[in-house]
Amino acid sequence: KDIKPMSLHFDRVGDMPNHEAELKLEWNQAFADGDPVKVGEDMLIFRPQFTIKVSCSDELIFEHVSKIILAFQILDAIAYSELWADEEVKRAFMESQIRKTMWPFIREYVHDGMSRLALNPVPLPWILP
Numbered sequence: 020k021d022i023k024p025m026s027l028h029f030d031r032v033g034d035m036p037n038h039e040a041e042l043k044l045e046w047n048q049a050f051a052d053g054d055p056v057k058v059g060e061d062m063l064i065f066r067p068q069f070t071i072k073v074s075c076s077d078e079l080i081f082e083h084v085s086k087i088i089l090a091f092q093i094l095d096a097i098a099y100s101e102l103w104a105d106e107e108v109k110r111a112f113m114e115s116q117i118r119k120t121m122w123p124f125i126r127e128y129v130h131d132g133m134s135r136l137a138l139n140p141v142p143l144p145w146i147l148p
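Count along the sequence shown from 1, add 19, and you get the number used in our numbering.
It is possible that some hints are incorrect.
As the list claims (entries may be wrong) - Quick list of in silico lysine to any residue cross-link-like pairs, SDA-like style, CA-CA up to 20 Å:
1) K86 - F29
2) K86 - Q68
3) K119 - C75
4) K72 - D30
5) K20 - I88
6) K23 - I97
7) K109 - H130
8) K72 - P123
9) K20 - I117
10) K72 - V32
11) K20 - M121
12) K57 - F112
13) K43 - H130
14) K86 - D30
No lab work stands behind these hints, which were simulated from the structure alone.
From just these sequences and the hints, can you work out the full model?
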């Protein structure tokens with residue numbers, strides 16, 4: 020139903036290498052305690068935090084942290100209750116579906132943050148597995 024960035028933060032910690040070098044990308048997705056929060060009978064709220072780090076030779080170059088609010092509308096309360104009771108379904112949704120939903124935004128945030136900090140943007144994968 021809605022995607023609201025609540026905090027977008029990026030830091031330039033170092034410089035890109037002047038020579039051809041292998042960059043290391045680290046990615047993490049974490050949820051706030053109690054996620055998801057059910058609001059009324061038909062709304063689920065998730066509050067994930069995404070962290071991306073770019074480093075070279077174990078030296079951090081760039082770090083991005085974003086906090087997002089995702090609102091999902093429940094269209095079929097009975098089906099939702101049955102499916103959400105299954106821990107595997109819940110885990111798959113939180114680990115995979117939210118990541119796939121948010122990845123295009125995260126890619127853009129990282130590209131924008133690196134550009135704003137005068138770093139050559141690192142092309143992140145189009146789709147995460």
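Please write out, lowest number first, the hints stated earlier that are contradicted by the structure.
3, 6 and 7
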